[in-house]
Amino acid sequence: MSATCPPEFRTLRDLFRYAITRFEEAELVFGHGTDNALDEAAFMVLEGLKLPVDRLDVFLDARLTQSEKDRLAGLVEARVSTRKPAAYLLNRTYIQGVPFYVDERAIVPRSFIGELLMTGLADPERGLVDDPDSVGNLLDLCTGGGSLAILAARVFLNARIDAVDLSADALAVAARNVEEHGLEDRVTLYLGDLFAPLPQGRRYDLILTNPPYVTQSAVDAFPPEYRAEPTMAHLGGEDGLELVAKILDQAPARLAPGGGLICEIGMGREALEALRPDLPFLWLDTATSAGEVFWLSADDFPTAPSAKARKVERRRS
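If you use this note's numbering, the sequence shown closes out at 343, no skipped numbers anywhere.
Keep in mind that the hints were calculated from the coordinates and are not lab data.
One or more hints might be untrue.
[Unchecked claim] Label-pair ranges, simulated between beta-carbon atoms:
1. Asp-275 - Phe-35: 26 to 36 Å
2. Asp-159 - Asp-129: 12 to 22 Å
3. Glu-103 - Thr-37: 16 to 26 Å
4. Asn-117 - Ala-194: 14 to 24 Å
5. Asp-246 - Ala-297: 44 to 54 Å
6. Pro-32 - Ala-316: 41 to 51 Å
7. Asn-117 - Ala-297: 32 to 42 Å
8. Gly-57 - Glu-103: 13 to 23 Å
9. Phe-35 - Asn-117: 22 to 32 Å
10. Glu-130 - Asp-211: 24 to 34 Å
11. Glu-53 - Pro-225: 48 to 58 Å
By construction, the Cβ of each residue, glycine as well, lies at the ideal position given by its N, Cα and C atoms.
With the hints as extra help, turn the sequences into a complete structure.
Structure (structure tokens):
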């Protein structure tokens with residue numbers, strides 16, 4: 027969206043201040059890489075001018091050309107009028123400083139697993155992945171735009187990575203990201219439902235998954251920013267655990283001995299523990315979350331039917 031910047035605006039600081047005011051007045055909703063108007067404005071003015079997104083202070087007093095001012099004013103107006111996430115307007119987002127292309131075909135990536143991958147999943151003190159170099163096969167289930175698969179490739183340097191999604195549109199975004207990061211020889215994309223499209227019998231040392239886990243009622247109440255994203259990337263059924271339950275049922279057959287599963291489920295911890303009391307979930311906290319990501323090792327899964335299956339059997343009897 028084009029807009030003409032007021033002539034009294036001269037510096038990046040002027041546009042930055044203006045953006046914050048407009049976002050606050052419009053009562054925008056955040057959560058796609060930033061969680062407040064100030065950080066959103068900083069991201070938009072810096073990324074909008076192709077400047078380092080972590081160096082605001084350096085550029086605040088830089089004078090802008092008229093075309094630069096008009097571009098930023100247009101982005102601010104588009105954010106307010108369309109209510110689209112800034113990442114869609116700029117076709118760019120970052121996880122742990124790593125850039126990714128994004129558009130409306132895929133959810134804006136923002137998984138807590140990204141932080142765990144880059145700051146602690148392979149930390150010996152956690153005892154989850156003792157030797158990153160030993161991870162040979164890795165799976166990113168519900169990959170979306172491919173961000174977790176790409177981050178995993180930076181951590182597990184010997185891993186061959188499979189990435190699956192049910193959306194052909196999302197996989198097109200993932201393919202672009204894989205190419206931009208030069209990982210075509212290590213990351214293979216599969217179109218299909220969970221484990222179904224994967225080579226038969228292939229087992230994984232590590233499975234990562236950030237599946238749809240939002241309840242139907244929450245999706246129905248989404249603000250425009252979240253409605254701008256593909257609904258299928260959010261909706262996890264009435265209780266939010268439809269996909270998670272399927273993954274837990276199917277994962278044991280796909281985990282290699284000594285392997286592990288890491289899964290993000292949002293605020294569904296209590297409901298999941300009630301659904302699967304047979305599983306010893308290890309909950310992993312991050313800088314901005316508590317109890318929203320769990321870890322299970324291959325040895326944690328029972329050989330008996332799942333708790334859900336046992337309930338069905340009791341009803342039949």
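Structure-based check of all given hints:
no., hint, result
1, Asp-275 - Phe-35: 26 to 36 Å, "violated, 57 Å"
2, Asp-159 - Asp-129: 12 to 22 Å, "violated, 35 Å"
3, Glu-103 - Thr-37: 16 to 26 Å, "holds, 19 Å"
4, Asn-117 - Ala-194: 14 to 24 Å, "holds, 19 Å"
5, Asp-246 - Ala-297: 44 to 54 Å, "violated, 18 Å"
6, Pro-32 - Ala-316: 41 to 51 Å, "holds, 44 Å"
7, Asn-117 - Ala-297: 32 to 42 Å, "holds, 36 Å"
8, Gly-57 - Glu-103: 13 to 23 Å, "holds, 21 Å"
9, Phe-35 - Asn-117: 22 to 32 Å, "holds, 25 Å"
10, Glu-130 - Asp-211: 24 to 34 Å, "holds, 29 Å"
11, Glu-53 - Pro-225: 48 to 58 Å, "holds, 49 Å"
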